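Protein sequences appear in the order of chains H and W.
Mind the numbering: the first sequence is residues 215 to 323 in my numbering, read in order.
Mind the numbering: the second sequence is residues 308 to 419 in my numbering, read in order.
Take these hints with a grain of salt, some might be off.
Stretches of chain W that chain H covers, calculated by requiring three or more beta carbons in the stretch to come under 8 Å of a beta carbon on chain H [said to hold, decoys possible]: (1) 314-326; (2) 374-386.
Here are the simulated lysine-lysine pairs, DSBU-like style, with alpha carbons at most 35 Å apart [claimed, not checked]: (3) W:K369 x W:K385; (4) H:K320 x W:K369; (5) H:K268 x H:K320; (6) H:K268 x H:K310; (7) W:K322 x W:K369; (8) H:K310 x W:K322; (9) W:K318 x H:K320; (10) H:K280 x H:K268; (11) H:K310 x W:K369; (12) W:K385 x H:K310; (13) H:K320 x H:K310; (14) W:K322 x W:K385; (15) H:K310 x H:K280; (16) W:K318 x W:K385; (17) H:K320 x H:K280.
Honestly, the hints are just simulated from the structure, not real lab data.
Every value quoted in this text rests on a predicted model; they were computed, and no experiment measured them.
Each residue gets a CB set at the ideal place from its N, CA and C atoms; glycine is no exception.
What follows is the residue order along each chain.
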Amino acid sequence: GQQVQQSPASLVLQEGENAELQCNFSTSLNSMQWFYQRPEGSLVSLFYNPSGTKQSGRLTSTTVIKERRSSLHISSSQITDSGTYLCAIGRTGNYKYVFGAGTRLKVIA
Amino acid sequence: NAGVIQTPRHKVTGKGQEATLWCEPISGHSAVFWYRQTIVQGLEFLTYFRNQAPIDDSGMPKERFSAQMPNQSHSTLKIQSTQPQDSAVYLCASSGGQNTLYFGAGTRLSVL
Numbered sequence: 215g216q217q218v219q220q221s222p223a224s225l226v227l228q229e230g231e232n233a234e235l236q237c238n239f240s241t242s243l244n245s246m247q248w249f250y251q252r253p254e255g256s257l258v259s260l261f262y263n264p265s266g267t268k269q270s271g272r273l274t275s276t277t278v279i280k281e282r283r284s285s286l287h288i289s290s291s292q293i294t295d296s297g298t299y300l301c302a303i304g305r306t307g308n309y310k311y312v313f314g315a316g317t318r319l320k321v322i323a
Numbered sequence: 308n309a310g311v312i313q314t315p316r317h318k319v320t321g322k323g324q325e326a327t328l329w330c331e332p333i334s335g336h337s338a339v340f341w342y343r344q345t346i347v348q349g350l351e352f353l354t355y356f357r358n359q360a361p362i363d364d365s366g367m368p369k370e371r372f373s374a375q376m377p378n379q380s381h382s383t384l385k386i387q388s389t390q391p392q393d394s395a396v397y398l399c400a401s402s403g404g405q406n407t408l409y410f411g412a413g414t415r416l417s418v419l
């Protein structure tokens, strides 16, 4: 079965609204990353967060290992946040990350 | 820092032709990875090198795909006898050991 599941698959927000993206995984892990894929395709690492909570600007990632889930919270969304958010899991030192299918976010004015 | 550089950005080949994709990792990064992205399969791991040595190629289709890293400044992914199902965006990434992957812009391969 699929090792990494992301929800929702897609999301439309009004500018200024908050969003909570979920990533659930079926295997134990040591490494976990959130990526943002721009509409034109380039990928940017947002967080390396195998456990606990990390924040960067309007983004907050929380990973709870024992519950096999991670979330990405986007506050005060902006139109430029539009794109696809991907989570990926792996084992420490093993870069064979398994990616989720992503959440497609569209922020409208 | 120019980031990870992939060339070409787009490549169109005829069925049965060979395609070579190039990747220049971030200077100083010891690990280089190749991934493939399609709408149906999403992002799939292909192979990775550490300090130029092949570490894990478990994601590589065995018969027509090969990857090399002849020096620390570039890696190549070669696909022989390309087939329509090879059409995808091929992404290269590098890492300096902080468990963070830095991706290139990708090469979009279209096999006609």
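Status of each hint after checking the structure:
1. 314-326: violated (count 0)
2. 374-386: violated (count 0)
3. W:K369 x W:K385: The given pair, whose Cα atoms are some 12 Å apart, holds under the 35 Å limit.
4. H:K320 x W:K369: violated (38 Å)
5. H:K268 x H:K320: holds (23 Å)
6. H:K268 x H:K310: With a Cα-Cα distance of about 23 Å, the restraint between H:K268 and H:K310 holds, given a limit of 35 Å.
7. W:K322 x W:K369: OK: W:K322 and W:K369 at ~18 Å, within 35 Å.
8. H:K310 x W:K322: At roughly 29 Å apart (the allowed maximum being 35 Å), W:K322 and H:K310 satisfy the hint.
9. W:K318 x H:K320: Roughly 29 Å between the alpha carbons, so the hint for W:K318 and H:K320 holds.
10. H:K280 x H:K268: holds (17 Å)
11. H:K310 x W:K369: It holds: about 17 Å lies between the C-alpha atoms, which stays within 35 Å.
12. W:K385 x H:K310: Roughly 20 Å separates the two Cα atoms, so the pair holds.
13. H:K320 x H:K310: holds (29 Å)
14. W:K322 x W:K385: holds (14 Å)
15. H:K310 x H:K280: holds (21 Å)
16. W:K318 x W:K385: Between W:K318 and W:K385 the Cα gap is close to 12 Å, so the pair holds against 35 Å.
17. H:K320 x H:K280: Answer holds: H:K320 to H:K280 is near 31 Å, not above 35 Å.
Hints 1, 2, 4 from the list above are not met by this structure, while the remaining hints are.
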